[in-house]
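Participant: Numbering (my numbering), first residue to last: 49 to 506.
These aren't lab readings, by the way, just hints derived from the structure by calculation. It should be emphasised that the depicted structure is a prediction, and the values quoted were computed from it without experimental measurement. It cannot be assumed that every hint is accurate.
Label pairs and their calculated CB-CB ranges [stated by the list, open to error]:
hint, residue 1, residue 2, range
1, D200, D419, 43 to 53 Å
2, G179, G382, 15 to 25 Å
3, E437, T387, 21 to 31 Å
4, D491, D200, 18 to 28 Å
5, D226, T253, 19 to 29 Å
6, E434, E210, 41 to 51 Å
7, V113, W431, 40 to 50 Å
8, E197, T387, 41 to 51 Å
Below 25 Å or equal to it, Euclidean Cα-Cα: the simulated DMTMM-like pairs (lysine to aspartate or glutamate) are [claimed, not checked]:
hint, residue 1, residue 2
9, K252, E296
10, K252, E210
11, K252, E204
12, K252, E312
13, K252, D282
14, K252, D200
15, K252, D211
16, K252, E212
17, K252, E206
18, K252, D329
19, K252, D226
We treat Cβ as the ideally placed atom computed from N, Cα and C, and that holds for glycine.
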Amino acid sequence: MRPDHMTVRAPRAFRARWCVFLPLLLALGACSTVSGIFGGRDDEKKDTIGGQRISILELEQRLEVDPRIADVEVRLPPPATLAAWSQPGGTPDHAMRHIALGDTLSRVWRANAGAGSTRRTRIMAPPIIAGGRVYVLDAESTVRAFSSETGDRLWEVELTPEDERAAAGFGGGIAFMDGRLYAVTGFGTALAIDAETGAIAWTKTLGTPFRTAPTAVGGRVFATSYDNRLVGLDAADGTLIWSYRGIEEPAGVLASSSPAVSGEIVIAPFSSGELTALRADNGRMAWTDSLTRTGRLTAMSALNDIAGSPVISAGRVYAVSHSGRLISVDLRIGERVWTRNIASVETPWVAGDFLYIVTLDAQLVCLSARDGRVRWITQLPRWEDEDDEEDAIAWSGPVLAGGRLWLTSSDERLVAASPNDGGILSEIELSAPSYIRPAVANDTLFLLLDDGTLEAYR
């Protein structure tokens with residue numbers, strides 16, 4: 049493949065098709081063990097078939113601890129204060145390792161961050177923390193800034209074009225760089241916003257709705273559209289520097305993945321299962337890999353989407369797909385180092401010699417980052433109704449902070465687990481579901497709940 053330097057405006061019908069397709073995704077999710085990844089719940093009672101439900105993934109292969117490393121001590125990097133969670137993945141490479149956080153947490157403030165999720169719209173963008181402020185893009189394309197210390201609202205700006213409905217443009221997200229927020233939206237626009245005042249510095253219309261949040265680094269903004277086009281924009285004025293077209297995929301999960309950037313290499317995840325490395329300056333492909341699996345047993349398990357963000361750490365790239373591939377790849381040459389048959393829609397967390405991941409079967413897993421061997425497995429609660437195995441619980445995370453792995457759930461919990469053995473250490477009851485992993489900066493943990501509530505814990 050080669051970079052495509054043409055920009056083609058998609059017709060409005062393209063956006064309409066996604067609005068029609070969303071309820072189908074929500075319906076599929078409600079019937080499967082992965083309903084939470086779509087953020088939907090089915091409140092209607094349905095007749096169910098009796099008998100024990102067995103996970104499709106369990107039928108294929110049961111994940112087990114590797115006895116060769118079962119006794120290996122899990123050693124963590126020392127915790128370090130993260131001054132800013134400036135990107136959707138925390139940092140441009142998505143490798144925060146071990147973030148400093150206090151031993152005990154309590155909620156210090158909560159704020160209304162705007163429109164929450166509904167049956168037709170979704171909060172998808174992670175919050176951004178920088179310069180003593182928290183920035184949130186709500187489900188109706190409005191950005192708000194809050195004091196990270198007190199939760200006071202400082203400003204807000206609507207990103208909906210004049211001829212559009214706010215609820216029709218959900219998707220996209222925000223990132224921070226050099227005093228500006230960079231936003232992309234489901235309306236197919238990219239914008240630069242003054243982080244101090246909320247004033248819009250420039251707007252660029254690119255035509256195709258954006259699927260996930262951008263990554264902003266090195267004077268450039270990188271973002272992926274619904275039709276799997278990755279664009280590189282000049283952060284100064286929004287000029288299109290290059291674009292790269294991946295394989296179009298008609299179906300995918302609602303995701304919050306973003307490109308990972310290290311030096312002059314951009315790692316782009318696509319809903320087709322492609323993982324592609326490109327030059328940051330010109331978009332030329334360095335290498336590509338595929339995280340697809342064949343012969344899956346259901347339509348849901350056949351979705352190839354890389355819904356979690358890739359992570360770049362110590363010269364390797366780590367990525368996982370919905371269809372069941374967790375891989376480690378050499379960053380420089382694209383050679384596959386190891387592969388595990390693990391399915392997830394979350395971003396892996398790499399810390400030192402170990403990697404943590406939450407699977408679609410609600411397993412919290414610790415693996416060797418060097419060779420992919422499984423060190424331990426913790427089965428998290430899978431169902432709100434355990435007896436009838438109904439209402440699947442979706443888990444988001446983990447984030448390693450203060451010596452604990454933090455996860456949120458669709459059944460309104462913030463859970464801390466031990467990174468050493470996976471044991472559950474504590475649990476905080478939330479007021480609403482959360483489908484976005486916590487963000488941590490300056491010894492404070494921030495949560496964006498599905499109803500639009502923003503909370504801070506320290």
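Participant: Each hint: holds or not?
Facilitator: Comparing the hints with the structure gives:
no., hint, verdict
1, D200 - D419: 43 to 53 Å, "holds, 48 Å"
2, G179 - G382: 15 to 25 Å, "violated, 36 Å"
3, E437 - T387: 21 to 31 Å, "holds, 30 Å"
4, D491 - D200: 18 to 28 Å, "holds, 19 Å"
5, D226 - T253: 19 to 29 Å, "holds, 23 Å"
6, E434 - E210: 41 to 51 Å, "holds, 50 Å"
7, V113 - W431: 40 to 50 Å, "violated, 24 Å"
8, E197 - T387: 41 to 51 Å, "holds, 45 Å"
9, K252 - E296, "holds, 23 Å"
10, K252 - E210, "holds, 15 Å"
11, K252 - E204, "holds, 20 Å"
12, K252 - E312, "holds, 24 Å"
13, K252 - D282, "holds, 11 Å"
14, K252 - D200, "violated, 30 Å"
15, K252 - D211, "holds, 16 Å"
16, K252 - E212, "holds, 16 Å"
17, K252 - E206, "holds, 15 Å"
18, K252 - D329, "holds, 19 Å"
19, K252 - D226, "holds, 19 Å"
Violated hints, in rising order: 2, 7, 14; the structure is consistent with all others.
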